[in-house]
Amino acid sequence: MGLLALADKTTAILRRDLLTAIRYRSSFLINVGGAAVELAAFYYLAHAVGPTFHPDGVEYFPFLVVGTGFYTFLVMGIHSFVQTIQEAQSSGTLEILLTTSTPAPTLVFLSAMSSFAASAAQFLFYVGAGLLLYRDAVPAPNLVGCFIIFLLSLAIAVALGIIAAAVQLSIQRGSAVLWLLGSGTWFMTGTLFPVTTLPKPLQAISALIPITHSLDAMRLALLQGVSLTALGREISILLLCAGTLLPASLLTFAYSLKSAKRHGTLSFY
Amino acid sequence: MDSVVFESVSKSFRHRPALFNWIGKEKTGETCALSEISLRIPCASVIALLGPNGSGKTTLLKLIATILLPDAGRILIDGSDTRFASPVVRQRVGFAMASERSFFPRLTARENLDFFAALEDVPRSQRKIRISQVLEDVDLLNAADTLVMKFSSGMYQRLAIARALLKQPTILLLDEPSRSLDPESAIQGRSLIRRLRSTGTTILLATHNLEEAASVADSVIVLRDGRVIATQKLVSSNAEGLSSLYREGKPEPEPILEIA
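Here the protein sequences come in this chain order: A and B.
Under numbering that gives the first Met the number 0, the residues of the first sequence are numbered 0 to 268, in order.
Under numbering that gives the first Met the number 0, the residues of the second sequence are numbered 0 to 259, in order.
Just so you know, these hints were derived from the structure itself, not from any lab.
What you are looking at is a predicted structure, and each value in this text was computed from that prediction instead of being measured.
Cβ atoms here follow ideal geometry from the backbone N, Cα and C, with glycine treated the same way.
Do not take every clue at face value.
Label-pair restraints from in silico Cβ distances [stated by the list, open to error]:
| no. | chain 1 | residue 1 | chain 2 | residue 2 | range |
| --- | --- | --- | --- | --- | --- |
| 1 | A | Ala120 | B | Thr145 | 28 to 38 Å |
| 2 | B | Arg123 | A | Arg22 | 20 to 30 Å |
| 3 | B | Asp120 | A | Ala120 | 42 to 52 Å |
| 4 | A | Leu238 | B | Asp138 | 34 to 44 Å |
| 5 | A | Pro246 | B | Asp120 | 22 to 32 Å |
| 6 | B | Lys26 | A | Phe124 | 47 to 57 Å |
| 7 | B | Arg178 | A | Gly183 | 26 to 36 Å |
| 8 | A | Ala253 | B | Ile22 | 32 to 42 Å |
| 9 | A | Ala39 | B | Ile22 | 27 to 37 Å |
Facing chain B, a subset of chain A residues (Cβ under 10 Å, in silico) [to be verified]:
| no. | residue |
| --- | --- |
| 10 | Leu96 |
| 11 | Ser118 |
| 12 | Leu227 |
| 13 | Gly231 |
Next comes chain A alone, as it looks inside the complex (with noise of 0.2 Å):
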């Protein structure tokens, strides 16, 4: 597929998602208060808990704003493929659409791309003003690192996402992996605190979590604007990560995509 054609596709779905999302106006406009007040809530948070908390070295309030704004930015990520399939199935254009000239997972990827960059601006909200309110505490950033980084981390969700997605095609309950995720990794990669704080076993089983990396590189590249070299042990884990999961992820996805043809699960939801 050329790269004209994979443009007009991505515009075909941003736009469908987009003019989809501003008819359900209610829903639009309380999403954008929902990010308002969390971020809100953190501010309080961090106020509540005190200046004298310095995880990592650094104020607590851009902490838990770049591990809750990130964190949620690659779960939400990964949560868009598993939905992205759901939605198909329920409305009933899962099979329609798999019978259009686009290959399967480009469709997956280009719909889940569209939820990925709302979670993008929601993220970006969360820093811009993050660090906005605490501009004198961070430092000049590491952008080129932070950028390395996003794109890694973003592979990653990308893996995660598709093995989701190949989940919910098979068994219908991709949401099974986003709760392993959810709740089994959230207070283990250091989001709302440092993974130090935790007992040594826990620490281990942290340290095999990408997202844990993600958020400790995204935090030293953008609050302490550490050097690359500096990052690099986080990268070189990342990177590791991405190219592992990418090509397994493809793999279970086309098996599980042959595998509900065979059975005629395809439309089940």
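Keeping the supplied structure of chain A fixed, place chain B upon it in accordance with the hints.
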């Protein structure tokens, strides 16, 4: 060359039992949807698939559209095997499903078609004209800018046909296209089928409407319990003759049915 070839195709659906099935007693076992189907359908013909509910008509169409894969045998679409060349097959096959739930309800008819046209690789320069053309073909031009969630069943049905025509398919699959149509729209649908046939499109039409089958089809295939029980080339548009064929069927002596 034949447009569609079925070679000993079988398809079954497994009913996996629920956990603790003694609580709800869900049906288990297997349903045979199609059994050893062999067919050759020539280009530019209209074939009506007749048969009661559950006889395998929709399964047969879904196998052609690559939504399902056969358990045994193979299906060739213009020479391409649906198992190994599904991208090529999908480019050639247009499918108007019977389900109303296959559109984005908060988009207008035109926006829905524009979305599907992009996925079908319809060139941007031709998209606007082609969308208007297919909307006109199904008499929905006046409702083009209405949200589809406000459509009636018949309008959904016509929009599904319009969507299937977007890619200008060489093979068109119509699953009960006149199910919710008023008589005038049904007549218009039939003339559209005849027109498409004259331009070289092969059309497979699953229907319960014998009158419709008799008026547009070149041949009929009668399915029952996943088996072809009769085939017949139509020489007149009289539905009376089809009625007995539908009820009683005729066993086929040949494993491969040549419909020409």
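Going down the list of hints, with the structure as the test:
1. A:Ala120 / B:Thr145: 28 to 38 Å: holds, 30 Å
2. B:Arg123 / A:Arg22: 20 to 30 Å: At 24 Å between Cβs, range holds.
3. B:Asp120 / A:Ala120: 42 to 52 Å: violated, 29 Å
4. A:Leu238 / B:Asp138: 34 to 44 Å: violated, 57 Å
5. A:Pro246 / B:Asp120: 22 to 32 Å: holds, 26 Å
6. B:Lys26 / A:Phe124: 47 to 57 Å: Holds - the Cβ-Cβ distance for Lys26 of chain B and Phe124 of chain A, about 51 Å, lies within 47 to 57 Å.
7. B:Arg178 / A:Gly183: 26 to 36 Å: At roughly 48 Å between Cβ atoms, Gly183 of chain A and Arg178 of chain B fall outside 26 to 36 Å, so the hint is violated.
8. A:Ala253 / B:Ile22: 32 to 42 Å: The hint (32 to 42 Å, Cβ to Cβ) holds, given that Ala253 of chain A and Ile22 of chain B are roughly 35 Å apart.
9. A:Ala39 / B:Ile22: 27 to 37 Å: violated, 47 Å
10. Leu96: With a minimum Cβ separation of about 7 Å from chain B (threshold 10 Å), the hint on Leu96 of chain A holds.
11. Ser118: Interface hint status for Ser118 of chain A: violated (21 Å vs cutoff 10 Å).
12. Leu227: violated, 39 Å
13. Gly231: violated, 42 Å
Checked against the numbered hints listed earlier, the structure breaks hints 3, 4, 7, 9, 11, 12 and 13; every other hint is satisfied.
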